[in-house]
Amino acid sequence: MTHRGQGFPLFVLTMTLAASWSCNSGDGGGDDGSGVEHDLEKLRSVLETNADIAFAAYSDSVTTAQRLEEAINTFVDEPTEANFTAAKQAWLVAREPYGQTEVYRFRASPIDDTNYDASDGEDGPEGDINAWPLGEGLIDYVVTGTDFGDDQVNVTEHQTGVSDPIPDNNIINSTDITIDEALISNTATADDEHDVIAGYHAIEFLLWGQDLNADGSADTLDSRDSTAGQRPVTDFALDDTCTSGPTENGDPELCVRRGQYLQVAVAKLIADLTSVRDGWDQGADYRTAFTTVDDVDAAKAKLLEILVGMGTLYEGELAGERMQIALSANSQEDEHSCFADNTHRDIWLNAEGISNAYRGEYAGYDSTLDGSDDQTGSAVSGYGIDDYLTDLGLTELESAVSAALDMTETNYMAIDAGARGSNPVDVVIMDAAGDAAGPMRDTIVSLNAQSTQIANIAIELDVGTAEDVVIPDASECDTTNPTAEC
Amino acid sequence: MHRRWVAPVAFCVVALGACGSSRDERRDEARDDVPSPAVSSTRPGGDTSVALGPNPSLVRPAANLDDDAKARFYAGKALATQPWVRAPTLTDARDGLGPVYNARSCLACHIKGGRGQAASPTGSPTGSPTGSPKDQPLLASLVRLSRPGRGPNGGPIPDPVYGTQLQPQSTSLSHQLRGRPGADAYKDQGPPPEGEAFIRWTSAPFTYPDGQTVELRSPTLEIRNLGYGPLHPDTRMGVRHAPSMAGMGLLELVDQADIDRNADPEDRDHDGISGRVNMVWDPESQTQRPGRFGLKANQPSVRVQVAAALLGDMGISSPVFPQQPCTPQQSRCLQAPTGNDANGHEISEDLLQLMVFFTMSIAVPERRKPTHPMVVRGGALFDDAGCADCHVPHYVTGSDPAYPHLSNQEIWPYTDLLLHDMGAGLADGREDHLASGSEWRTSPLWSAGLARAMHDQVGLLHDGRARTIEEAILWHDGEARASRDRFSVLAVDDRRSIVAFVRSL
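As you go down the protein sequences, you meet chains A and B in turn. Under this note's numbering, read the first sequence as residues 1 to 486, first letter to last. Under this note's numbering, read the second sequence as residues 1001 to 1505, first letter to last.
Please note: incorrect hints may appear among the correct ones.
Cβ-to-Cβ under 7 Å is the rule here; a few derived chain A residues that face chain B [stated by the list, open to error]:
| no. | residue |
| --- | --- |
| 1 | G137 |
| 2 | V142 |
| 3 | V256 |
| 4 | E321 |
| 5 | S328 |
| 6 | L369 |
| 7 | M413 |
| 8 | G438 |
No lab work stands behind these hints, which were simulated from the structure alone. In this text, a Cβ means the ideal position worked out from N, Cα and C, and glycines have one as well.
Go ahead and model the full structure; you've got the sequences and the hints to work with.
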């Protein structure tokens, strides 16, 4: 989740993690101030395992996106209720491996950056894969919901004679616009962010529609129910029964366009995910650069990248920008998967991804949506950060981190259990202080506690780097050439 | 300005007590001692200061935020980071972009919380009327508009059709999908953008007395494709480049008396430096108050600054500014759906407070290389050249129960928050409350050296014209002319040292 705007990566280092760097001299070496005797071979194992899990989880993401494409193609050709349900099911399954990959964000890895260099801005495909909030009104019809006043007070008296009807202009309705990959590619224009109209959530919106109440009512601020989006299957009908929600179109053109949009969006999703997966494949440039370390210092720098991704996702991104804002704003749009009501899985899977990174384990994904990972063909059981801590004798730290992970797991499982009952996240956040929101609050607290433990790993292993990695020494200024920047 | 002792920050000895001696004494001490940088001065934001880390950012939470406050910080950050979307959408917490706007989110222009991206030479028009593929309109900076004189509350008189700011984007489908096949067919639907601004850079050499030259560039604006008819013939324009957001909360907590003390509007001490407090309209208290934020000190508080940016830059109405960014003449703008909630606001009071809390609580990074000999030497030269007369180094913040982490902090922002006439070269003739067309607020220098670490197309000064700190210094004129001249006669190593010192802040 989160959008990718031009040039402003969401590198939010956790405050505590950042604080740890200042404690370190960054002198490196096998035996340094921390008293830890690093082991280059074992550090290499940590990096290899981390890369193995990335490749496995992105591979499963590609596979499940391909299954989603098959289901969408079947549905578009034959828009029956059964095929509609199957397509939605395939979307939910596709989220299962992808959610576990988000721990690879925030570290200039292939998802965020194609040249693995954050300093020139991020240009990776994340913004086209999982960006949010969706510009749903730009894609298809929307119901105004609790938005008041389509027209502003006093407009009529300020009319200057030009009377334009308020157009219901969106891509589906505007039939002169060609629906193709170029249309939905975020990278087409360099200088501006665009409304998000590609990726998982665009597909989600086209499959589910807005998350109205079961009776079709749009007042979702005070009386949200536990149903997800209610898009009728007739929105894809290939004959004159084609609808746009409550509106009967009379001819199938708009429904055909919706089908096209789904197919274009899923094809692009597969292409984007494939490019990320390939960056982690054996022999790929990124993987080679990440796993080839000649000395302990280089290995520590790579380990720091892992920790930065984990810590950033923990505190700033998941606990703060994904959960706290939804809770404090009672903002349904701040739910990650707001159309499908699948946000409980997003939280679980993001947190699980962090745990995977720490433990060096990837269990596969859940294709039956019952909460357990049954697809284990790509599973990885490798040498984790936990193993390294244990081998270094840092068992106390290892136990503390594990305990924090376990606490988070308990808490996000409670969110999941609630959502599988009658308390999806959008219902829970209506009363941030209420009992039902308890697991949300607990998870935020435990994620923040975990970030402290991640910072402790950075401190204990002395992987912090000094700020002069990015800020050149003042003495590097060319004092003979005043126009040269230093 | 009132000549006073200026804390040569790099020399101020560690203990607070050492700074408590008489001013003259301390000045002498500072001159005599071999300097070692004060502990406090390595942490410009006091206890809020954070280490820079491997991925520099100017949107980190203050180091001394507790867990609960940190959660609020990140919630506010989400609102500042994630793009607003076109109304209507299902719920109202996220929609309301535009109908005309400059950017979708705060951080689109304040990149990583830092300064905006300067218009690149290749992205500027070459003068060809039809434009070229490289001819990109200005989006990262904005263009202010106004007519001469002062409006009802002392503020600028807006262009009658376009208001006080050119919004080059709109929520219309044809604009959102511009460049895509078929999008032009819908040009007559929805609100058009107000127009496109292009910058053409003109370079002229500055020659130091020692013969070295530096190319200084200045912008010429060109407006094309106006969406709502011509501009008023008297309308003046000025480019405004997004400044860094870090440390604004600490500046808000500086006592006004500490700012007033440095003001000398009539230049009674005849040092050629006046220093004036802008008095600006506060829409909340409905009174004139001292301005502190904005490039011309035209906003009275972080809250009003944030709300003004929400309205002007993103088209988001709020409890502070409940209107849309449309003038009465822009009917197609006024007719577009709003994202208003039941209270008539696109951002609610609760969420506005989160954004303000986030903005107030951004950490100022620790200094880099404060003990490097070149930096230490540059600090002394900075003071000798009189830079610190306006770039006032040090304050102690007041206290605010809502912001305990910002209260009673020793801070080192290097600004007097006052208006100074910076000469004709930087002037654009736009008045803003008491600020004349050539007066600008002294920019804080903390984090100035990090501009390039946020993104590589750095732009300094109010319109992003300066590509380096050195260029920014050389643009100083008017009241700052004497300091600029003292800088320019220094040996090249000394000039570099001053730049190194500023970069270290």
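Here's how the hints hold up against the structure:
Interface hint at G137 of chain A: satisfied, since its Cβ lies 5 Å from the closest Cβ of chain B, which is below the 7 Å cut-off. Proximity of V142 of chain A to chain B holds as hinted, the smallest CB-CB distance being about 6 Å (cut-off 7 Å). With a cut of 7 Å, the hint placing V256 of chain A at the interface with chain B is violated, because the nearest CB-to-CB distance is about 16 Å. The interface hint given for E321 of chain A is met, as the beta carbon of that residue sits about 4 Å from the closest beta carbon of chain B, less than 7 Å.
Hint status for S328 of chain A: holds, given a least beta-carbon distance of 5 Å to chain B, under 7 Å. The beta carbon of L369 of chain A comes no nearer than 24 Å to any beta carbon in chain B, farther than 7 Å, and the hint placing it at the interface is violated. Against a cut-off of 7 Å between C-beta atoms, the interface hint on M413 of chain A is violated, since the closest Cβ of chain B lies about 21 Å away. Given hint, G438 of chain A at the interface with chain B, is violated; its Cβ is 15 Å from that chain's nearest Cβ, farther than 7 Å.
This entry does not satisfy hints 3, 6, 7, 8, going by the numbered hints stated previously.
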